[in-house]
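Whole structure, please, built from the sequences with the hints as guidance.
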Amino acid sequence: MENTEVKEEEIPGRRLIDFVFSWSVKDVLNESLYKNQVRKIPQTFTSTTEYKTSFCAPLVEETHADLLSSLSTLSLAPWRVISHFMPTKDFKPPNNLFYHVILKSLRKFETDDGKEFVTDDGRYEPEARDLIAITNVRPKCIADLETTNRSYLVAFVLTVKEEQFLRILSSKPILFKEDNNKRRETLYAIPLINMNTNIRIWRALNSELEGGNLNIIQNVLLPKHAEARNCTACSTDSADMRSRICSSDLNDSQKEAVLSCLVTRKCNHQNTVKLIWGPPGTGKTRTVGLLLFSLLRLRCRTLTCAPTNIAVLEVAQRLLKNVTKSLEYGTYGLGDVILFGNEKRMKIVDRHDLLDIFLDNRVDILLECLVSSYGWKGSLVSMICLLEDPKRQYDLYLNDRSMIDNKEEKTEGMSKNKETNRNKGKEIDQSFEDNKKSKKKLNKVIVQALNENKNKKKNKEMIPSHKENKLEDEDGSSQNKCDNPLSFEEFVLRRFKLILKRLEYCSENLYTHLPTSFISLEVVKNMNLALDFLRSLETLLCTLTDADKGLKQVSSEKEQSRLSHIMKSSFVREDCLRILKSLPQKFSVPDFTEEYDIKKFCLKNSCLTFCTVSSSAKLHEVKAQWELLVIDEAAQLKECESTIPLQLPGLRHAILVGDERQLPAMVKSKVSEEAEFGRSLFQRLVLLGHKKDLLKVQHRMHPSISLFPNRMFYENQILDGPNVKERSYDRRFLQGNMYGSYSFINVAHGKEEFDKSHSLRNMIEVAVASEIVASLFKESVRTKKVKVGIISPYKAQVYAIEEKVKKYNADSNSDFSISVRSVDGFQGGEEDVIIMSTVRSNMNGVVGFLKNYQRTNVALTRAR
Numbered sequence: 001m002e003n004t005e006v007k008e009e010e011i012p013g014r015r016l017i018d019f020v021f022s023w024s025v026k027d028v029l030n031e032s033l034y035k036n037q038v039r040k041i042p043q044t045f046t047s048t049t050e051y052k053t054s055f056c057a058p059l060v061e062e063t064h065a066d067l068l069s070s071l072s073t074l075s076l077a078p079w080r081v082i083s084h085f086m087p088t089k090d091f092k093p094p095n096n097l098f099y100h101v102i103l104k105s106l107r108k109f110e111t112d113d114g115k116e117f118v119t120d121d122g123r124y125e126p127e128a129r130d131l132i133a134i135t136n137v138r139p140k141c142i143a144d145l146e147t148t149n150r151s152y153l154v155a156f157v158l159t160v161k162e163e164q165f166l167r168i169l170s171s172k173p174i175l176f177k178e179d180n181n182k183r184r185e186t187l188y189a190i191p192l193i194n195m196n197t198n199i200r201i202w203r204a205l206n207s208e209l210e211g212g213n214l215n216i217i218q219n220v221l222l223p224k225h226a227e228a229r230n231c232t233a234c235s236t237d238s239a240d241m242r243s244r245i246c247s248s249d250l251n252d253s254q255k256e257a258v259l260s261c262l263v264t265r266k267c268n269h270q271n272t273v274k275l276i277w278g279p280p281g282t283g284k285t286r287t288v289g290l291l292l293f294s295l296l297r298l299r300c301r302t303l304t305c306a307p308t309n310i311a312v313l314e315v316a317q318r319l320l321k322n323v324t325k326s327l328e329y330g331t332y333g334l335g336d337v338i339l340f341g342n343e344k345r346m347k348i349v350d351r352h353d354l355l356d357i358f359l360d361n362r363v364d365i366l367l368e369c370l371v372s373s374y375g376w377k378g379s380l381v382s383m384i385c386l387l388e389d390p391k392r393q394y395d396l397y398l399n400d401r402s403m404i405d406n407k408e409e410k411t412e413g414m415s416k417n418k419e420t421n422r423n424k425g426k427e428i429d430q431s432f433e434d435n436k437k438s439k440k441k442l443n444k445v446i447v448q449a450l451n452e453n454k455n456k457k458k459n460k461e462m463i464p465s466h467k468e469n470k471l472e473d474e475d476g477s478s479q480n481k482c483d484n485p486l487s488f489e490e491f492v493l494r495r496f497k498l499i500l501k502r503l504e505y506c507s508e509n510l511y512t513h514l515p516t517s518f519i520s521l522e523v524v525k526n527m528n529l530a531l532d533f534l535r536s537l538e539t540l541l542c543t544l545t546d547a548d549k550g551l552k553q554v555s556s557e558k559e560q561s562r563l564s565h566i567m568k569s570s571f572v573r574e575d576c577l578r579i580l581k582s583l584p585q586k587f588s589v590p591d592f593t594e595e596y597d598i599k600k601f602c603l604k605n606s607c608l609t610f611c612t613v614s615s616s617a618k619l620h621e622v623k624a625q626w627e628l629l630v631i632d633e634a635a636q637l638k639e640c641e642s643t644i645p646l647q648l649p650g651l652r653h654a655i656l657v658g659d660e661r662q663l664p665a666m667v668k669s670k671v672s673e674e675a676e677f678g679r680s681l682f683q684r685l686v687l688l689g690h691k692k693d694l695l696k697v698q699h700r701m702h703p704s705i706s707l708f709p710n711r712m713f714y715e716n717q718i719l720d721g722p723n724v725k726e727r728s729y730d731r732r733f734l735q736g737n738m739y740g741s742y743s744f745i746n747v748a749h750g751k752e753e754f755d756k757s758h759s760l761r762n763m764i765e766v767a768v769a770s771e772i773v774a775s776l777f778k779e780s781v782r783t784k785k786v787k788v789g790i791i792s793p794y795k796a797q798v799y800a801i802e803e804k805v806k807k808y809n810a811d812s813n814s815d816f817s818i819s820v821r822s823v824d825g826f827q828g829g830e831e832d833v834i835i836m837s838t839v840r841s842n843m844n845g846v847v848g849f850l851k852n853y854q855r856t857n858v859a860l861t862r863a864r
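Anchor point for the sequence shown: position 814 equals 814 in UniProt numbering, and the numbering is continuous, going up by one each time.
Derived from the structure by calculation, the hints contain no laboratory data.
A quick note: this is a predicted structure, and the numbers were derived from the prediction, not measured.
Among the hints, a few may not be true.
Claimed, not checked - Per label pair, the in silico range of CB-to-CB distance:
(1) C246 x D832: 25 to 33 Å
(2) L298 x V25: 36 to 44 Å
(3) E50 x E726: 36 to 44 Å
(4) C246 x L221: 45 to 53 Å
(5) S32 x S517: 25 to 33 Å
(6) G829 x L221: 31 to 39 Å
Glycine included, each C-beta is placed from N, C-alpha and C at the ideal position.
Written out as structure tokens, the structure is:
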């Protein structure tokens, strides 16, 4: 008898989710819940099992602290009304409580300047792996969750569709009450925390990731194994590489760091970890940019990660500047570089220079060029057919005009908006998307709601890129296609122009977005040569058409005969056909059917890949081989999180770039902090005496600014670069003895106070900072361009200052800019002038977490 039992769904990180589901409100509020279960993480390990296990309990405790923190500000959390829910077909109590949930639609409006905002009637926009509370009241405090008639119910969001259709796993059955009229009580979904990163770490620690490469992790258990040793078998002559690096404009310490990494990379006999130590202003990102550019030239498959999106974007931009300067043929070569991540969080629309390497954009464009019937293959065949026998194509048009015309209409929008598509990559073949979505089977209620939502969206947002059922003439007028068919001459010219535009669009995007291993430079040159010939032929056809306008109308038969003869006897046309027919033989177009296939193809064949450390978990699903890992801002990364990319298949070497004397990773739990959970792999190896290449020349700060941090934090090892010693560097933005390169301003009568989110602020300091900004703004007219940064350790102070000075950012004066951030948010940043608001002011001299010397180091080293 056939076994029809359905296999139970495996949810990534299920054990961690079950830990969270087991906590009552009382458990969450108990700060000592795991105090006796969390042990201090050692500095050395005897096995990979001990290594991974040592991080598990602190990770659970940190998840517990995240949840406790969110509950403390529950009244400020966004929310959404649940309009419908029902169990799924795999609903199996008591553990597998799966539900489909529909949230009430967000009410969105647009301001006069085109920006979208959401009303207070539900502001929560769900994401996969959110942990949410489901209640029958919008809680104003934790006590609202503990009342007898309301049970504490949390749920884990598995999938999200259209921002309102959720599939969830619930900790308990979802229950509700009805009144006498059978009206159900209102239920709310309130976000608590997103567990995505913690689940990815959990999976890495519990060997749940594909690949499971432990070569490098085995070498970092004891530091003597991780450090690179000279390998005589691989120490070949690297004169060409050294010459290339030495000719760059890096300083000597930067060049040596890059060369050291490249030499280590050539070794196939050992797995190593190298450390590059980059104190403030020493050009760490610039050094990494040249290193990655060199690895790209060597065709070394490299993954570059960082703890945050901002850090990833900065290093990707630095690399891209080097690449674009060296491209030999247009944008050919960019297909070897990929950046991927969350489009919203990365704010990729504000970074147009990165769109050509951003994965989602690349996939959308390749869908058009390779999957759509109006892409590269279809356009190539269409052009060859038109050039070989234009009369036959015209006869087909006359026999079935509506079918041919509809095809032309469908692709006219793509060709007209070539630049828009190239930059945004959002005009995907709609029929492909509809077919893909139609395969998704949901229950009847969800399907109905989904269709209603789509219709609303289409009516509100859909703007056609071409006129339906019309074909525009050159002069802008239109003809009814069925009543007034095109003449042979008009048909050939219009058809030719349309296909040519499609070929131009496809060829440019194919050699921009496909890796060079799939499209050779010879093919790219042939593509462009064919396009040049086609443009010449277009000019010839246009000239003939213009000449005929002054003549008497000739018969249709003579017109066809004459134009066909001209096209067939044209040498340009012969050259076009020869090259166009040769392209499929030299360029085998990858055969894709779905978006996922293209994503996998791009990631699998890229040479340089950029993402956050957490997002690198997705690369384990690609099942490709990587050779080298570079982690920027590595000292700001929990060691357990670095285990995600360190286990990628094929990885042989890792390069960690950072500064353990700047900010470490943020840890919320005191228990986890005492267990050294926030310590990075970079810091642990340094504590154990691992060698690090020091970047020892700073080019950012005026010598009077760098003097104290250098002496206090770096034992005077850092030298001031020649640029900061020049007289021109000694600028004074404000007049008066109080404003030198370094100024301390005593703000009397300042008072620290808590805001609603329990963060500190000092409104007197806010007023003083605003006055200084106002003075700098006035002086910017005289001193030209001025970039100002305001730093404060407390979020409440950051928000208060932002509100006070926002009018200066809104001003049209492009020579003045202002950035307000926390100390942690400013790590890696720099500005001309930095104003630091310390906030704390009390008789006891209590400064809280400001006593951390790493935080002080960051705050004092941002100004030029």
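25 to 33 Å as the expected CB spacing between D832 and C246, which holds or is violated
holds, 32 Å
Can you tell me whether the CB distance of C246 to L221 sits inside 45 to 53 Å?
violated, 36 Å
For the hint 31 to 39 Å, verify it against the beta carbon of G829 and that of L221.
Distance hint for G829, L221 holds at roughly 35 Å.
Measuring from beta carbon to beta carbon, are E50 and E726 in 36 to 44 Å?
violated, 54 Å
Take a look at whether the Cβ-Cβ distance between L298 and V25 falls inside 36 to 44 Å.
violated, 56 Å
That 25 to 33 Å hint for S32 and S517 (C-beta), does it hold up?
At roughly 56 Å between Cβ atoms, S517 and S32 fall outside 25 to 33 Å, so the hint is violated.
The structure fails to meet hints 2, 3, 4 and 5 from the earlier list, while all remaining hints are met.
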